[in-house]
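Peer 1: Model the full assembly from the supplied sequences, consistent with the hints where possible.
First to last, the sequence lines map onto chains A and B. According to numbering that gives the first Met the number 0, the first sequence holds residues 0 to 622 in order. According to numbering that gives the first Met the number 0, the second sequence holds residues 0 to 374 in order.
Don't read these hints as lab results, they were simulated from the structure. Possibly wrong hints are sitting among the right ones.
Below, computed lysine-lysine pairings styled on DSS-like, alpha-carbon distance capped at 27 angstroms [what the hints assert, rightly or not]:
no. : chain 1 : residue 1 : chain 2 : residue 2
1   : A       : K124      : A       : K191
2   : A       : K439      : A       : K426
3   : A       : K353      : A       : K371
4   : A       : K209      : A       : K194
5   : A       : K17       : B       : K369
6   : A       : K262      : A       : K485
7   : A       : K19       : B       : K369
8   : A       : K101      : A       : K111
9   : A       : K136      : B       : K248
10  : A       : K19       : B       : K188
11  : A       : K101      : B       : K248
12  : A       : K124      : A       : K101
13  : A       : K306      : A       : K209
14  : A       : K19       : B       : K73
15  : A       : K169      : A       : K191
16  : B       : K188      : A       : K17
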Amino acid sequence: MSPLNENLEFSTSQQNQKRKRQFRNRLIVAFSFTFVLMLFLIGRMAYLQWFNYDRYHGLAEGNRISIEVLPPTRGKIYDRNHILIVDNQPFFTLSLVREDMKDIDAFEAELKSLLDTYPQESLDKFFATFRVGRRAKSYTLPHSLSEQEAARFAVISHRHPGVTLISRLKRTYPYQGIGVHAIGYVGRINQKEIKTLDSTRYRGTDIVGKSGVEKYYESLLHGYPGIQQVETNVRGSVLRKLETTPAINGQDIHLTLDIELQKFAEELMGDRRGSIIALDPQTGEVLAYVSMPTFDPNLFVDGIDSKTYKALLEDPNKPFINRGINGQYPPGSTIKQFVALGAIEKEIISPFKKIFDPGYFEYKGNRYRDWKRWGHGLVDMHLAIAQSCDTYFYELSLDMGIDNIHDAMAPFGFGQRSGIDIPGESKGILPSQEWKRITKNEPWYRGETIISSIGQGYHLSTPVQLARATAILANRGKQITPHLLKQLDSEREQTLQIEIRKIENWERVIQGMVAVMHGKTGTARHFGVDLPFTMAGKTGTAQVFSLNQADYDSAKLDKSLHDHSLFVGFAPVEKPRIAVAVIAENSGSGSKTAAPIAVNVIKRYLRPDLPLTPFPNNTGNDR
Amino acid sequence: MKLFDHKQQMYVRNREFLERLHLDALLLLGILLLLISGTAIVFSASGGDWEVTQRHLLRVGFAMGLMLFFAQIKPSVIFIFTPILFLIGILLLIAVQLFGDIGKGAQRWLEFGSVRFQPSELMKLALPLMMAWLFAHSRHPPTFTRLFSGFMLIVLTAGLIVIQPDLGTSLLIATSGLFVIFFAGLPWKLIVGGLLAAAGSVPIAWEFMHDYQRQRVLTFLNPESDPLGSGYHIIQSKIAIGSGGIEGKGYLGSTQAHLEFLPESTTDFIFSVISEEFGLIGVILLLAMYLFVIGRGLWIAAQAQDTFTRLVAAGLTMIFFVYVFVNIGMVSGLLPVVGLPLPLISYGGSSMVTLMIGFGILMSIQTHRKMLAKQ
Numbered sequence: 000m001s002p003l004n005e006n007l008e009f010s011t012s013q014q015n016q017k018r019k020r021q022f023r024n025r026l027i028v029a030f031s032f033t034f035v036l037m038l039f040l041i042g043r044m045a046y047l048q049w050f051n052y053d054r055y056h057g058l059a060e061g062n063r064i065s066i067e068v069l070p071p072t073r074g075k076i077y078d079r080n081h082i083l084i085v086d087n088q089p090f091f092t093l094s095l096v097r098e099d100m101k102d103i104d105a106f107e108a109e110l111k112s113l114l115d116t117y118p119q120e121s122l123d124k125f126f127a128t129f130r131v132g133r134r135a136k137s138y139t140l141p142h143s144l145s146e147q148e149a150a151r152f153a154v155i156s157h158r159h160p161g162v163t164l165i166s167r168l169k170r171t172y173p174y175q176g177i178g179v180h181a182i183g184y185v186g187r188i189n190q191k192e193i194k195t196l197d198s199t200r201y202r203g204t205d206i207v208g209k210s211g212v213e214k215y216y217e218s219l220l221h222g223y224p225g226i227q228q229v230e231t232n233v234r235g236s237v238l239r240k241l242e243t244t245p246a247i248n249g250q251d252i253h254l255t256l257d258i259e260l261q262k263f264a265e266e267l268m269g270d271r272r273g274s275i276i277a278l279d280p281q282t283g284e285v286l287a288y289v290s291m292p293t294f295d296p297n298l299f300v301d302g303i304d305s306k307t308y309k310a311l312l313e314d315p316n317k318p319f320i321n322r323g324i325n326g327q328y329p330p331g332s333t334i335k336q337f338v339a340l341g342a343i344e345k346e347i348i349s350p351f352k353k354i355f356d357p358g359y360f361e362y363k364g365n366r367y368r369d370w371k372r373w374g375h376g377l378v379d380m381h382l383a384i385a386q387s388c389d390t391y392f393y394e395l396s397l398d399m400g401i402d403n404i405h406d407a408m409a410p411f412g413f414g415q416r417s418g419i420d421i422p423g424e425s426k427g428i429l430p431s432q433e434w435k436r437i438t439k440n441e442p443w444y445r446g447e448t449i450i451s452s453i454g455q456g457y458h459l460s461t462p463v464q465l466a467r468a469t470a471i472l473a474n475r476g477k478q479i480t481p482h483l484l485k486q487l488d489s490e491r492e493q494t495l496q497i498e499i500r501k502i503e504n505w506e507r508v509i510q511g512m513v514a515v516m517h518g519k520t521g522t523a524r525h526f527g528v529d530l531p532f533t534m535a536g537k538t539g540t541a542q543v544f545s546l547n548q549a550d551y552d553s554a555k556l557d558k559s560l561h562d563h564s565l566f567v568g569f570a571p572v573e574k575p576r577i578a579v580a581v582i583a584e585n586s587g588s589g590s591k592t593a594a595p596i597a598v599n600v601i602k603r604y605l606r607p608d609l610p611l612t613p614f615p616n617n618t619g620n621d622r
Numbered sequence: 000m001k002l003f004d005h006k007q008q009m010y011v012r013n014r015e016f017l018e019r020l021h022l023d024a025l026l027l028l029g030i031l032l033l034l035i036s037g038t039a040i041v042f043s044a045s046g047g048d049w050e051v052t053q054r055h056l057l058r059v060g061f062a063m064g065l066m067l068f069f070a071q072i073k074p075s076v077i078f079i080f081t082p083i084l085f086l087i088g089i090l091l092l093i094a095v096q097l098f099g100d101i102g103k104g105a106q107r108w109l110e111f112g113s114v115r116f117q118p119s120e121l122m123k124l125a126l127p128l129m130m131a132w133l134f135a136h137s138r139h140p141p142t143f144t145r146l147f148s149g150f151m152l153i154v155l156t157a158g159l160i161v162i163q164p165d166l167g168t169s170l171l172i173a174t175s176g177l178f179v180i181f182f183a184g185l186p187w188k189l190i191v192g193g194l195l196a197a198a199g200s201v202p203i204a205w206e207f208m209h210d211y212q213r214q215r216v217l218t219f220l221n222p223e224s225d226p227l228g229s230g231y232h233i234i235q236s237k238i239a240i241g242s243g244g245i246e247g248k249g250y251l252g253s254t255q256a257h258l259e260f261l262p263e264s265t266t267d268f269i270f271s272v273i274s275e276e277f278g279l280i281g282v283i284l285l286l287a288m289y290l291f292v293i294g295r296g297l298w299i300a301a302q303a304q305d306t307f308t309r310l311v312a313a314g315l316t317m318i319f320f321v322y323v324f325v326n327i328g329m330v331s332g333l334l335p336v337v338g339l340p341l342p343l344i345s346y347g348g349s350s351m352v353t354l355m356i357g358f359g360i361l362m363s364i365q366t367h368r369k370m371l372a373k374q
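Peer 2: As structure tokens, then:
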């Protein structure tokens with residue numbers, strides 16, 4: 000029976016008549032119920048508003064205890080030698096309460112004539128929101144006033160009730176762009192962050208770490224706000240301070256960076272794009288973290304103006320890219336020593352076996368060229384590393400297969416995040432049959448193994464990964480985690496050790512790297528000759544396009560400069576104290592640019608008394 | 000079965016404009032009065048914040064649009080879709096348990112892209128509709144089986160909401176279902192017996208409450224025990240109300256709200272701002288407006304022509320009253336704080352949308368009647 004049928008039937012149905020009568024009765028009951036409860040509410044209101052008016056009126060008048068938030072001071076940041084690298088500086092600004100102000104337009108006009116350095120655009124924006132905001136709330140000008148501006152305001156302040164000159168602390172970066180990609184910067188809390196941040200902890204705070212260490216250690220640096228109870232008058236101005244719970248300031252932290260070494264390394268890079276990562280191989284401490292070009296983090300503290308921001312964003316050199324953790328480069332020949340170690344460990348080749356290199360390797364009718372046109376002649380593993388012989392590794396790779404190359408490199412951290420304490424690290428790519436099947440849904444081809452053996456093809460590594468792998472090799476297998484926060488020995492995590500079958504295999508490949516620097520035919524022999532310590536190194540030259548391919552005008556550059564120049568190395572070989580990875584984008588062969596940069600960074604750290612090793616003119620074109 | 004009797008004749012359709020839009024003039028008048036007053040109060044309670052007020056107006060406009068839309072839908076169509084709607088509601092409540100978003104210690108939200116949605120809000124309409132659907136076919140008085148299945152549906156719905164946990168909403172929704180059963184003809188002896196049983200079960204309920212719920216009840220009983228903690232809201236709210244006196248402090252004169260002593264002054268505690276600014280006189284006027292809307296709603300129920308629409312109209316109207324009563328009772332310290340906005344006045348949110356859809360249905364019931372002669 001549908002309701003319509005019932006509907007048409009009701010006038011005749013006895014039962015429905017009865018039902019309808021009962022329904023009407025119940026409506027009357029319901030309305031009476033409603034009416035009585037409404038009267039009851041009115042009674043309650045009369046009780047509060049009439050009989051107890053005096054009491055509540057008195058309480059409202061005496062409602063003078065209000066709570067003020069005391070924001071914590073953000074922790075400062077020092078380098079490993081206790082040099083202050085991130086500071087809080089006092090500055091002046093204005094606080095405005097609309098309810099207490101007489102004439103906002105007049106004040107705005109007068110303020111604009113008073114301020115000369117203050118960004119006009121931001122001032123207009125501030126007044127636009129201030130005019131429609133809460134009447135009784137105090138608003139603070141987003142930018143700081145210079146001392147002269149503050150003094151000028153102080154003179155006229157008596158004419159403007161509701162406007163107060165206040166002093167605040169502002170995050171400052173005295174070293175400006177130096178190390179910015181590691182240290183990071185703070186900026187104003189945005190809409191997205193408001194949702195995720197703990198609102199109690201961020202009461203009274205309008206900045207938050209946006210990148211680097213400033214973001215990673217936000218919870219250490221921020222602290223907890225305090226609360227102050229103040230007695231106010233009815234207008235809300237403070238008469239007397241009552242009880243205070245002080246703020247717990249953020250912790251000061253020490254980084255492992257050596258800011259002087261950092262500065263030196265950045266100067267070495269000059270206007271090249273790229274990255275230098277220097278680690279202490281024993282502990283994983285990051286001594287220098289260079290990503291070039293840099294930008295000034297002080298621009299972001301007050302909120303960057305849109306013109307400067309756009310210019311930085313559209314800069315073809317892409318200063319915002321954190322190349323150390325997000326620059327994914329083909330590692331080129333800098334991985335040969337890891338492939339070699341894997342091959343002798345699995346006894347795929349004897350380290351003493353000699354291979355003849357005519358300058359190319361032929362497979363299925365394709366010629367894979369060596370970088371040296373006429374070939375290296377007869378080479379064993381030691382020479383193959385020292386001279387970076389491609390043909391040796393082409394031939395070896397077919398005996399190894401891609402999965403053995405993968406297994407040899409994986410323990411050194413390729414294809415995985417290094418775990419460095421900077422947010423947003425990229426993983427790179429360490430290819431294998433399984434990787435290709437999963438990501439590309441294609442089988443692996445043997446020809447791809449050949450180019451993989453010299454770090455081309457699918458291989459992609461970040462500078463931090465290369466530095467970490469080099470440090471692990473320098474340690475003879477101790478798998479450290481690179482980190483920027485200085486830790487006590489007791490806080491350090493247990494590190495794992497790569498177990499190998501034959502302990503002397505470590506020295507076999509490391510001696511190949513020593514020959515790169517100190518051997519007669521080593522690819523970086525020009526930079527190793529005068530060194531007072533033994534250094535191990537490996538050059539690399541990645542045949543590619545730049546990171547920002549689209550904006551890259553290749554026609555303007557010498558052809559050889561298209562390649563990325565790479566170098567990894569560590570010293571002293573006997574007891575390594577520093578491991579370095581250098582990538583200079585589009586700067587030619589590894590021995591031309593990256594090698595002298597790395598040698599100078601290592602010299603500066605181990606023997607600052609020694610003179611700079613000059614960049615080569617035409618000598619260093621070895622790959 | 001006789002169809003149109005000769006004594007029954009069709010009334011000529013009123014060609015008035017509102018009638019063509021399927022709007023009921025008197026109900027609309029009451030709603031508009033409340034919405035206009037609400038907007039003025041939101042402006043004052045937000046401390047004169049234009050942006051908040053504009054956003055409120057946008058939401059009011061949106062809710063009005065929905066009311067207009069639902070007024071066009073014939074009750075017979077609503078009848079057909081009711082079980083589907085209810086089933087969707089139940090499934091969404093289960094989905095909330097499985098994939099819901101957790102906010103402030105409760106799992107109440109579902110996320111569809113960027114839209115967050117509270118399925119319990121849908122149930123505020125779906126449950127009374129479903130109960131009316133169930134009793135539309137009922138014999139009179141309803142059989143035991145039908146009463147029992149009605150109670151089971153209420154228990155199921157309220158149970159799914161109580162485990163979110165959201166005791167306040169679940170009680171309100173259960174109440175809306177109980178009102179429909181009451182109007183469907185629940186025998187008085189069962190009503191009295193049920194009320195006694197409910198009173199007896201209070202100590203048992205206490206055992207099953209979450210800590211924050213017990214805390215609310217305890218502070219409600221003695222707010223002064225914790226003046227800076229959870230009792231703070233109630234104390235400040237009572238000060239706001241009491242200090243308004245008989246005539247009030249005048250529009251925009253609420254010091255309690257402007258000095259930010261009052262919490263959530265634009266939403267749950269907006270009644271305190273009204274009481275502070277307009278005094279006892281303002282409160283009585285406001286309650287009169289509410290009573291007018293409720294009276295008209297019950298009148299529409301009395302005029303409705305079949306069991307389904309009668310029950311829907313009466314049920315939706317009574318639940319509107321319950322929201323008003325609970326909110327005012329809460330801010331004036333008569334009831335525990337459950338987190339419920341003042342209907343049609345508070346800064347708009349999903350609750351305003353639900354209420355306005357409900358009014359749309361009421362208008363549809365009133366304006367889609369077949370015009371029959373008096374019997």
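Peer 1: Can you list which hints this structure breaks, lowest number first?
Peer 2: Failing hints: none at all.
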